[in-house]
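Visitor: Here's the letter readout for the chains.
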Amino acid sequence: MTRFFSRTPQFVLTGGLALIFLFPLVWATLASVAPQAGTRQTDGWGFGNYVTLAHYQAGIAQYLGNSLAISLMTVLFTLLASVTGGYAFAIFRFPGRDALFLLVLAILMVPYATLLIPLYVLLNSLGLQNSLVGLALVLSMFQLPFATFMMRISFEAVPAELREAALIDGCGSFRALQRVLIPAAKPGLITVGLFAFLAAWNDFITPLVLISDTGKLPLPLAVANLRGQVMGIVDYGATEAGVVVLALPCIVLFLALQRHYVRGFMSGALKG
Amino acid sequence: MTGRSLFTRRSLTGWAYATPTALFVLLFFIVPIGLVGRMSVSDWGLFAGNRGWNAPENFADAVDDRLFWPAVGFTVKYTLLTTVILLGLALGLALLVQESTRWNGLLRTSFLVPSALGLASASLLFYALYSPQASPFPGQIAFLGTPWSALWSTVALIVWRFAGFYMLLLLVGLQSIPGDVYEAARLDGSGRWQTFRHITLPLLRPSLALCTILCVTGSLLAFDQFYILTKGGPDNSTVTIVQLVYNMAFQGSNDLGRAAALSILVLAALLVVNILQFRTLRGREDR
Chain A
1 MTRFFSRTPQ
11 FVLTGGLALI
21 FLFPLVWATL
31 ASVAPQAGTR
41 QTDGWGFGNY
51 VTLAHYQAGI
61 AQYLGNSLAI
71 SLMTVLFTLL
81 ASVTGGYAFA
91 IFRFPGRDAL
101 FLLVLAILMV
111 PYATLLIPLY
121 VLLNSLGLQN
131 SLVGLALVLS
141 MFQLPFATFM
151 MRISFEAVPA
161 ELREAALIDG
171 CGSFRALQRV
181 LIPAAKPGLI
191 TVGLFAFLAA
201 WNDFITPLVL
211 ISDTGKLPLP
221 LAVANLRGQV
231 MGIVDYGATE
241 AGVVVLALPC
251 IVLFLALQRH
261 YVRGFMSGAL
271 KG
Chain B
1 MTGRSLFTRR
11 SLTGWAYATP
21 TALFVLLFFI
31 VPIGLVGRMS
41 VSDWGLFAGN
51 RGWNAPENFA
61 DAVDDRLFWP
71 AVGFTVKYTL
81 LTTVILLGLA
91 LGLALLVQES
101 TRWNGLLRTS
111 FLVPSALGLA
121 SASLLFYALY
131 SPQASPFPGQ
141 IAFLGTPWSA
151 LWSTVALIVW
161 RFAGFYMLLL
171 LVGLQSIPGD
181 VYEAARLDGS
191 GRWQTFRHIT
201 LPLLRPSLAL
211 CTILCVTGSL
221 LAFDQFYILT
231 KGGPDNSTVT
241 IVQLVYNMAF
251 QGSNDLGRAA
261 ALSILVLAAL
271 LVVNILQFRT
281 LRGREDR
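If you're matching them up, the sequences are chains A and B in order. Numbering follows full-length UniProt numbering, in which position 193 of the first sequence is assigned residue number 193; successive positions increment by one, without gaps. Numbering follows full-length UniProt numbering, in which position 216 of the second sequence is assigned residue number 216; successive positions increment by one, without gaps.
If you're looking for bench data, these hints aren't it; they were derived computationally from the structure. The structure presented is a predicted model; accordingly, all values stated were derived computationally and were not measured. Note that CB positions come from ideal geometry on N, CA and C, so glycine has one too.
Pairwise CB distance ranges (calculated):
| hint | chain 1 | residue 1 | chain 2 | residue 2 | range |
| --- | --- | --- | --- | --- | --- |
| 1 | A | 46 | B | 132 | 18 to 26 Å |
| 2 | B | 175 | A | 61 | 40 to 48 Å |
| 3 | A | 133 | B | 180 | 52 to 60 Å |
| 4 | A | 19 | B | 47 | 48 to 56 Å |
| 5 | A | 212 | B | 218 | 23 to 31 Å |
| 6 | A | 35 | B | 201 | 46 to 54 Å |
| 7 | B | 156 | A | 255 | 20 to 28 Å |
| 8 | A | 255 | B | 182 | 25 to 33 Å |
| 9 | B | 205 | A | 251 | 30 to 38 Å |
| 10 | A | 22 | B | 53 | 52 to 60 Å |
| 11 | B | 49 | A | 160 | 47 to 55 Å |
| 12 | A | 57 | B | 132 | 23 to 31 Å |
| 13 | A | 99 | B | 271 | 17 to 25 Å |
| 14 | A | 19 | B | 177 | 26 to 34 Å |
Take a look, some chain B residues computed to stay more than 12 Å from chain A by CB distance:
| hint | residue |
| --- | --- |
| 15 | 60 |
| 16 | 65 |
| 17 | 183 |
| 18 | 191 |
Taking the hints into account, I'd like the entire structure generated from these sequences.
Guide: Here it is as C-alpha cells:
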C-alpha cells in the first residue's frame, strides 16, 4: 500500500501522458456526434454528420466499397507474392536468387513520387488507368520489401526437420508449403496481411495520382475532398465523422491483432 | 548425374515460386525506373505525351523553379526538427514503459493507438482540431496561420502519430539488452544517469540507427500531412520537395518531364543521405 502511494506521482504523470495521446481520438469521436453550428447536427447530440457523409456525392457506401476492394485485393496480391517468394528465398537455391532479393529490398530506397510518375503513364498504356485492380497491384508492390523479408525469415525459422519430414512423407514442395510451412509461419502471415491492409486502406498519394474518376476514389481521398464542398466553407462535422469511419476499422484490427503483430515483430527483430 | 538433374529441378522449382515476385519487380519497379529515366530527359506533357528530347532543360527548369530552394530548405528544416523531437520522445516513452506491468501495458497501448491511423486520417483529424470553428481549444489560436505555427502544428501531428511506433522499435531494442549487464553496473555502483549514458545508449545504437534512418527518410519525403493540413501555405512557406514534384506533374504546369527530372534528383539525394547515415551510424558502432 505504501508502495502504491509512493508511486502515485508517477501514475499521475504517465496517466496524463497517456490521456494526451488518447485525447485527439476521443475528441474526434465526441465532436462527430456533438451539436455544432455549420453542420447538419446543430442542436442536440446525434448522427446528423454521418447522414451528411452518407449522402456525399456518390455516397459513402461507394467509397467504403472502393476502399475495401482495394485493401482486400492488396492483401491478396501481397500474400500471394510474399508467401511464394519468401518460400523460394528461404528454402531453394537458384541462380539470381540473391540479386532478386536485393532488387525487392531496393524498392524501399525509391521514393513513392519517383515511381508514381512513370506508373501513371505505364498503367495508362496497360489500360489500367482509373482501375482499382491497377491501384491494388501498385500498392502490393510497395508492400513487397517488408512482406517478402517477413515471410522469408518466418519460413527460415521453421525447423528444417519439420520440412524434411514432410518431403519424405511424399509431399511435393507445394504440399509441404501448404501443410507444414504456412501453419508454422502464421504470426508472420498475419503481420504481413495486417500491414498490407492498413497500408492500402490509408494510402493517400498513390490513389491521388492514379485515380481521377471521382466514383472510384477510396475513402481518405473522398473525405479530404469533402472539406471543400460548398465554396470553401468546410463542414467540420462531416470531416470528423469521416475520420471516425476511417480510423475505426484500423483501431479495431490493431487492437484485436496486437498480440500476433507484436510477436511477428519480435521474432523478426531477434533474427535481424 | 542424378545429383545434377536434381539440382536443376530444384532450382527450377525455386524460380517457379519466385516468379510472382519477379513479375511484380519487373513490371512495377524495373520498368517504371527505366521509364522515369527516359521521361526525365524528354519533353513529356501530362496529356500530350512524349514530344522528344529535352535533356538538360528539364533538370535546369526543375532547379530554377521559384519554389525549389525554399522547398529544399523547408524539407530539411522539417526533417531535423521532427527527427530530434520524435526520437527523443520515443526513447523517453520506451524507457518509461519498459518494465512489463499491467499499468505499463495500458500505457504502451495508449501511445501506440495513434499509429494505427493512416497519416491522411490523422491529418484530417488535426485539420478539424486546429480549425477556428471546431477546435476544442479556448480562444482563437491560429494554428496554421503563420509559417512558424504551421510548421510546429504539423510537427505536433507527426509526433502524436509516430511516437508510439518508434517507441515500439526502441522497446524491442531495450528488451534485447541482457539483464545481467544492468546488474553488473548496479554492483559497480553506477547511478541511473551513468547506466543510461554508458550502457543503455551504446547497446541501443542499432535500434536508434534504424529509427533515425526511417524517420529521416520518411520526413524528407513528407507529403500527405502538408497536402491536407497546410496545402503548402501560408504563402507557400510549407511546400515540401515531394509536393513540388506533385504540383509540377499534376497541377498547373502538367509537365511530367520536369517532374520526373526533379524526382530523380530527390532519389539521388535520398541515396546520398542514406549512404552517409549508414556510414556514420555504423562507423560509430565499430569504434
